[in-house]
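Chain A is fixed; fit chain B onto it per the hints.
Order-wise, the sequence lines are chains A and B.
At position 370 of the first sequence the residue is numbered 370 (full-length UniProt numbering), and the sequence of numbers has no breaks.
At position 207 of the second sequence the residue is numbered 207 (full-length UniProt numbering), and the sequence of numbers has no breaks.
Since the hints were made in silico from the structure, they are not lab data.
Note that this is a predicted model, so its numbers are computed, not measured.
Be aware that one or more of the hints could be misleading.
The list that follows gives simulated cross-link-like pairs (lysine-lysine, BS3-like), each with its CA atoms no further than 30 Å apart [what the hints assert, rightly or not]: (1) B/Lys83 to A/Lys484; (2) A/Lys351 to A/Lys400; (3) A/Lys470 to B/Lys88; (4) A/Lys484 to B/Lys446; (5) A/Lys130 to B/Lys461; (6) B/Lys296 to B/Lys355; (7) A/Lys88 to B/Lys446; (8) B/Lys258 to B/Lys205; (9) A/Lys130 to B/Lys88; (10) A/Lys316 to A/Lys198; (11) B/Lys306 to A/Lys470; (12) B/Lys461 to B/Lys89; (13) B/Lys308 to B/Lys263; (14) A/Lys198 to B/Lys340; (15) A/Lys349 to A/Lys366; (16) B/Lys340 to A/Lys479; (17) B/Lys382 to A/Lys484; (18) A/Lys130 to B/Lys433; (19) B/Lys82 to A/Lys470; (20) B/Lys270 to B/Lys382.
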Amino acid sequence: MGHQDHSFSCAIHPSSLHIHSAFTLQSELELELERRARKLYEQGGQRTMAVAGLGETVCELRQAYESGKTRSLAWRQAQLRGLLRFLKEEEEAAFAALREDLGKHRAEAYRDEVGLLVKSANEALRQLGKWTTPERVWIPLVAFPATAQIVPEPLGVILVFSCWNVPLGLSLEPLIGAIAAGNAVAVKPSELSPCTAKFIGDNIGRYVDASAVKVVQGGAEVGEQLMEHRWDKVLFTGSPRIGRAVMAAASRHLTPVALELGGKCPCIFDMMGSARELQIAVNRIIGAKWSSCAGQACLAIDYVLVEERYLPILLKVLKSTLKRFFSDPDHMARIVNARHFERLSNLLKDKAVAPSILHGGSMDAKDLYIEPTILLNPPLDSAIMTEEIFGPLLPIITLKKIEDSVAFVRAMPKPLAIYAFTGDAALRRRIVEETSSGTVVFNDALVQYAIDALPFGGVGQSGFGQYHGKYSFEMFSHKKAVMKRGYLIELTLRYPPWNERKINLMRRLYRFDYVGFVLSFLGLRR
Amino acid sequence: LTATAMAAAVAEQLRESFATGRTRPAAWREAQLRGLLRMATEMEAEICDALREDLAKPVTESYVHEISLVKSSCKFALKNLKKWMKPKKVPAGVLTFPSTARIAAEPLGVVLVISAWNYPFLLSMDPVVGAIAAGNAVVLKPSEVAPATSSLLAELLPRFVDSSCIKVVEGGVSETSELLEQKWDKIFYTGNGKVGRVVLSLAAKHLTPVALELGGKCPVVVDSNVDLHVAAKRIAAGKWGCNNGQACVSPDFIITTKSLAPKLLETLEKVLQKFYGYDPLQSPDLSRIVNSNHFKRLRSLMDEEKVKDKIVFGGQSDEMQLKITPTLLMDVPLDSAIMKEEIFGPLLPIITVDKIHESFALINSMTKPLAAYLFTKDSKLKYQFENGISAGATIINDTSIHLTNPHLPFGGVGESGMGAYHGTFSFDAFSHKKAILARFFIGEVKARYPPYTPAKLSIVKGVLKGNLASMIQAILGFPRGGA
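Next comes chain A alone, as it looks inside the complex (with noise of 0.2 Å):
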């Protein structure tokens, strides 16, 4: 069962279709999907049967959830105080953790993974009450009297796939929205940053009720064995192969799936105004490329699109901006594993690649650390730019008219993000009118991952599914519709035996016609 990386070899197992129930007579449509799912099954190859061996702690969630205990306010409240404590009280041991996964440097650790956790769950604090107040509808005069609501509440038991660049954020803030909505979760960090996943599953249960949020350890076997289980809603954040296989693994249950993947995500460069507002340009491509986790973000800066004349400029910056931030090495983070080293440095070493390299390049093993890494037009087919980079290498392309990328963005699967640096407005409504995206950013770049009122998420490849603020809430949240009547009025219309004199008065309603409709109701109008 040994699997090399984290793939989950299955589709859906055809038994667990089972269509066949003694009294159904199955259509031909069923046998027809069936018949081609099991042919989806097969090509997915083996599949490990594991025996649902996690099968006490769902249970235990379940159970959690069926007590009724996690809707109550006072409940969800003192969770998310559990969790604020224990990002204050557990912060040095976080940044060690995450030194040790990944590299990361303190202040990075801070900005991009424990500070905004602590917006978060005092977001959610603030605005619980907000949330979970049914919200009252309008109600056509028709049915009067009565009232309608849409209430929200809670899916029941959800499960969190983390990913390993944001190990700590990427597992506590669904979580945050998860308890906020009032269910039980359980969260599985990533195997590959694995100081953070024991960190988390060592600490949280002192901080939060251990009965109702549990933390799971382990990587795809573990992960297979979850999606055999019925969850209320899976969200999960990594590559779409996996998405892919989540799922499908999903669709057995009829779970509902929100799915956090990646893509690249361009920076178109158009000219700045000011040789000041070049720098801070440059400054916050710095930021959201080698300042992030090495360039291992979901929403880094993946490639740099600019016109031919303005490349001089912008690599002289680029230069010198990256040698003054970059003076010790320390500050940024290192490569997570020997396997993403060796794909990173791989995508170098493509012999149509190598030549374009520009800057940097020089790479060490042992302490997984690529050095910031600039190329100039690699080509357009090979691996580095088709696929996701996530790592500290940016291509820059060169276009005649900067105008052209919008063109060149479209041509890609839509990513998580687009950020222009342009003060252009025709070029700017362009970019929002004829590409799609996740989000789009003007003149900054990864900073929209920390406004609240801004949902985060993906389309088309980059995912679906939208969270942070008010949003983390819905994701996990179902909307109920309510309405209530009373027996004052009766609309004897509504029932049969039918008639042409009824169908003519439901014409009227229909019509809001009230007039028409109360005068041939009295027989004075046909």
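Leaving out everything else, chain B in the frame of chain A:
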């Protein structure tokens, strides 16, 4: 042209049409919506004829439950379209000050709508209205189990809307399967949970988001202190008045107390006789069963050994006409087939309990339904029901009526589905809400960047915690000097 080639060709054509951008302007969307509205108005007679052919649906039901709902959907969308399309400003907050933030809705692209046979006109058009309002190109695959409506839609739509962007693909099993193999930007499926699972697993291949409108066993709990006559009428309207029980929000079974059951049964019988006469097989106001497969399925539910002697009213059927009369059953065993699967027909079991609260445990032992109904005047019971029962929707003192309110999200949870639509929710179902943030070059926060120092970290901490002094320092470019 093979089914595979045709599905691929349709997807390709729509992708090209969408790429030209013609579906984006409000004018195009409004023109299509007006076209659909005209179609529903001018072709009312033809639509009613098709529905009668497919389901023997009474004209009143065709008008009230299908045509008028489609028309009001179109009107609602036309009225609100500009509002929906306008980006919404949101507070960017202090962390990224100064900046402006907004959320803009954009179409997902090319979407696939797979409809069902029981409300073949409504369940085809309603999602399509949402998809068009959101600016998408659409493929509609109507159910082949309602063939007259399917071919009517295939014939009418090109006459009333832009067929380069809105297409109908007719067909059976292989056409549907081939369509599901293509890449779409969203799939909207109405039907049953078994096929829903397979739709979801095929969508996984392309990472396509999916909305599933499925079914379930919608329970009706009847408490003692209600106006039984009105309750019985509303239950009957929601059950047999909705396609003779073949509706996803039809009351599936009743739970009431042992003491109330006889009176409730008597009232229901009286109401049924009033609505459908003494020989319901002759009543023109009852839909027939859609096809012989379902007829046989329903008969076997009634004929099961442990169930057949529980029939207390009705139970007649006519295989030639595919009609089954409204049938009431009393206290069938909970492990019988009729209590294990969604009935989707004119059979209504009544389950009795000692105390009305016991109904909760029974309902919660089943999967979450699309709707749960309660007839009561007891406000405590109402509260407990709302909070203790999870369903797509909860209705007190009526059945099925929430369908008509465009301000309420219509959709399931758990086994009854995922995603919601109607009104604004239709527009949202087919949109991507894109976050747009614009920043400026004043107030450059040096503390963000390496080389990191304790001073920088303390400013960042302060900013993230909302500390005003730290924010001011950050914007003024502290710490000064050095890198």
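**Enumerated hints in conflict with the structure, sorted upward** = Hints 4, 6, 8, 10, 11, 14 contradicted; others consistent.
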